[in-house]
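**Student:** Single-letter residue listing:
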Amino acid sequence: MEFTAKQIADLIGGRVEGNEAAAVHTFAKIEEGQEGAISFLSNPKYTHYLYETKSTIVLVNEDLELEQEVSATLIRVKNAYEAVAKLLQIYESIKPKKTGIDSLAFVSPKATIGKDVYIGAFACIGDGAVIGDGAQIYPHVVIGDGVKVGEKCLFYPNVTVYQGCRIGNNVTIHAGSVIGADGFGFAPSTEGYDKIPQIGIVIIEDNVEIGANTCIDRSTMGATVVHKGVKLDNLIQVAHNCEIGENTVMSAQVGMAGSTKIGSWCMVGGQAGFAGHIHVADKTFVGAQCGVISNTKGNEQLIGSPAMDPKVFFKASAVMKKLPDMYRELNQLKKELAELKANK
Amino acid sequence: MEFTAKQIADLIGGRVEGNEAAAVHTFAKIEEGQEGAISFLSNPKYTHYLYETKSTIVLVNEDLELEQEVSATLIRVKNAYEAVAKLLQIYESIKPKKTGIDSLAFVSPKATIGKDVYIGAFACIGDGAVIGDGAQIYPHVVIGDGVKVGEKCLFYPNVTVYQGCRIGNNVTIHAGSVIGADGFGFAPSTEGYDKIPQIGIVIIEDNVEIGANTCIDRSTMGATVVHKGVKLDNLIQVAHNCEIGENTVMSAQVGMAGSTKIGSWCMVGGQAGFAGHIHVADKTFVGAQCGVISNTKGNEQLIGSPAMDPKVFFKASAVMKKLPDMYRELNQLKKELAELKANK
Amino acid sequence: MEFTAKQIADLIGGRVEGNEAAAVHTFAKIEEGQEGAISFLSNPKYTHYLYETKSTIVLVNEDLELEQEVSATLIRVKNAYEAVAKLLQIYESIKPKKTGIDSLAFVSPKATIGKDVYIGAFACIGDGAVIGDGAQIYPHVVIGDGVKVGEKCLFYPNVTVYQGCRIGNNVTIHAGSVIGADGFGFAPSTEGYDKIPQIGIVIIEDNVEIGANTCIDRSTMGATVVHKGVKLDNLIQVAHNCEIGENTVMSAQVGMAGSTKIGSWCMVGGQAGFAGHIHVADKTFVGAQCGVISNTKGNEQLIGSPAMDPKVFFKASAVMKKLPDMYRELNQLKKELAELKANK
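For the protein sequence lines, the chains are E, L and G, in the order given. My numbering numbers the first residue of the first sequence as 13 and each following residue consecutively. My numbering numbers the first residue of the second sequence as 13 and each following residue consecutively. My numbering numbers the first residue of the third sequence as 13 and each following residue consecutively.
FYI, nobody ran anything at the bench for these hints, they're computed from the structure. Values in this document were obtained by computation on a predicted structure and should not be read as measured data. Careful, some of the hints might be misleading.
Same chains, same names: a pair is fine if it fits in one copy or spans any two.
Using 25 Å as the maximum straight-line C-alpha spacing, the simulated BS3-like pairs for lysine-lysine come out as follows [said to hold, decoys possible]:
id: 1; residue 1: 207; residue 2: 346
id: 2; residue 1: 90; residue 2: 18
id: 3; residue 1: 323; residue 2: 333
id: 4; residue 1: 122; residue 2: 107
id: 5; residue 1: 334; residue 2: 240
id: 6; residue 1: 57; residue 2: 122
id: 7; residue 1: 110; residue 2: 353
id: 8; residue 1: 346; residue 2: 107
id: 9; residue 1: 346; residue 2: 57
id: 10; residue 1: 18; residue 2: 334
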């Protein structure tokens, strides 16, 4: 499928500078430009690529001032980054979607399947499960008994949703993620540990996206809850009885221990960890590898393990390297001072 | 299914205070109480919920003194937490279990399947595999050639057990976990790395529970061993030739490098890491995000990276924040002392 | 299959000391020796086992001097460790390989399958996919539409490769790994986050090995690239638009944030993390749990979070424990000095 500069400019409210009939069929990074591709320039650091790129069209910010001639056709927009995101969304939305229930899928006769649903080969839909309209269930997804899946959900291969969990609308889950495995609950006895059955569920609200190989455990009782708009990256651990507030985003490999509640609009860096039973307030920014061990007040930034203010952390880290010298000097000072006092 | 307060009290050796005929059909957290549910009160912090809860029955400790009237029927027991664990186990044990071999499963004609086994759709049992009596193999589990699985094991969807591994009795493995992938062994050459084939296996003893998306690698030769009663959470890495002692528990995202041996009755916090070829003694308590790089003596507590005594760690961490000030003050002292000496 | 000491010595260029007809059929660690097994001795720490081992044959270094009688037949070679790696490779190569396309696999009629390919039960090969000669695709692997897989690749169960990705020759991917899930890209708006579609791919070059449950995300545009000879362990996160240079090895649970480029011949310890948009130069050695937040110069060793020189790190860590004492002493010195000055 090809689009002309004119058509694209109309779609995103831009202005063509160059050949309105210039046509593209794909996207490319500006530094990897190629004929027939559209690129974008947002970060000023990359401006020099604009003059070399082989891409046919480049999206640029309205106010960009050219310093030399450009061979590509330009489309000027208010915000090139947002415009390209919008274009990519349009591009994705017109791609043909898979439809129908594959004859190699297993769908329980006791399951309820909505309209316009795709269920791929070897997918497995359990007794009493409900799959909402427009859902896309890829091959090898396992939907447990009694699971409710909302409308327009997209589950990639090898996702497992344990029995009884509830998933909202427009939820995307990437390959290999596990929703609703047992929380890690055991009671010690003299001979070993006794399992505490985990009879709760996981609730995932609307517009959540979950990366690959992430685990969200069911609660002991009640529910582990991921509120609407949350975005979780790959390989994240969400323990039983946790709660993640609206529009919070977490990078890969973050871990939350049991019963911890994280507020809304938080941002969490990769490999950060949260102790159990704490409350992290709204709009907390947690740096990568941070260890959060107590409640936070909100609108805070944290880094380090245990977590502290980033300014303090980076200053302290810089001085860390001088610690051995400080230690030596401190001992030297002690000696000198003792001598001074003795000789007084 | 409904149970009366009288029936429950008889099951767990408790004493009813209120309506013996009060009936419940589900569990609820005390703060989320509802009619027809049983809750429990163990942590004194939550005592105020006892007077507000809508649950029909609440399990409480024998010695609890009421400060106001309670609408729920109480069951007094020695230890409310243990009693609820016991009740949950009974509740789980009476749930109907899946049985039979699904017609969509693949079971090698050279495999041996015990009695009362469930094998779900699309599960795959390899040549020479042995599945013990009462095992529950969920859909999409892959059991490699020659694997031995003991009695009453429970494997959730998308578990992979590589060829030749040996699993004991009563072992539960959650979705997506991988048992017996190759250890990470390569020999450097001038052109790159040569693979060292990993011809060992993984041995998992009785009563082990393994969380979701956890990886336990096979050994180069011999076996990677997880001893009986071990409980591993999600997303854990156990490298080749490791050994984990009886009744040791590990939280999510812990990583063990190759050939490390961990003793029995250890507790390991989330995201902790162990260097290779070390011995961690029995009853070592390792905090979250800890980095253990050398042998431990037993009955130790460790935290920080590199690991140290928690008291030292938390004191040092508190002073960390003052490091920049200390640095400035130290330099100031040096100057003052030099002046003092010069002026003497 | 049995081999005599003479046959083995011929294979690896060794010299028999003892019974040339001594025959073995398996490998064993020297400390777990058994009749009919071959062991090796490389680490001098284990030399005492040589005199006790029950193994029939032991590979030893040419220059080993015996201190007492040995019952096993010895084969002397230049480097016992390399010799055993070679032997293991031979042993692996003669094991019978699975062949043929299982009748329970799903192979799209629009896919192209090479010669001597194995495709296991319930594997799923999408439209337009190309599988090279000699590939081994285990049960439950999902190969998306348009994916290209080179020759002699080996994919274990439950691997997912998303549509459009390109895999070179001799690539091994262990169970549960996910290649080509969406990069973690969202644009904030006032109501939440808008998805930035990820239309790039993942390119994996020749001779790469990837562990279990590892995730390599597709790029926003262009490609996330894993260059030839790279070895990745389990549970690793490689974000969108990353690049990993030739022959770099990474231990388990390492995480790379988006657009970071790592050079060739690097070694990265377990649980280390890399910030986004940085360049790590060739031959950088990154310790376990390290946090790399800025570009590196090459031939560096790094440890700690934030990363620093190991010598500095270990010295500083040692002094860390004395920090509380230092703090107290510093305050004491201040007081004493002030007194001294006052009394002057």
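**Student:** So, for every hint listed, does it hold in this structure?
**Tutor:** Each hint tested on the structure:
1. 207 <-> 346: neither (57 Å within a copy, 57 Å between copies)
2. 90 <-> 18: Within one copy only: 16 Å inside a chain, 71 Å across chains, cut-off 25 Å.
3. 323 <-> 333: both (16 Å within a copy, 10 Å between copies)
4. 122 <-> 107: between (32 Å within a copy, 19 Å between copies)
5. 334 <-> 240: Result: close neither inside a copy nor across copies, 46 Å intra and 40 Å inter.
6. 57 <-> 122: Neither, since 57 Å and 44 Å both go past 25 Å.
7. 110 <-> 353: So residue 110 and residue 353 fail the 25 Å test inside a copy (86 Å) and across (84 Å) alike.
8. 346 <-> 107: neither (74 Å within a copy, 71 Å between copies)
9. 346 <-> 57: neither (52 Å within a copy, 45 Å between copies)
10. 18 <-> 334: neither (61 Å within a copy, 61 Å between copies)
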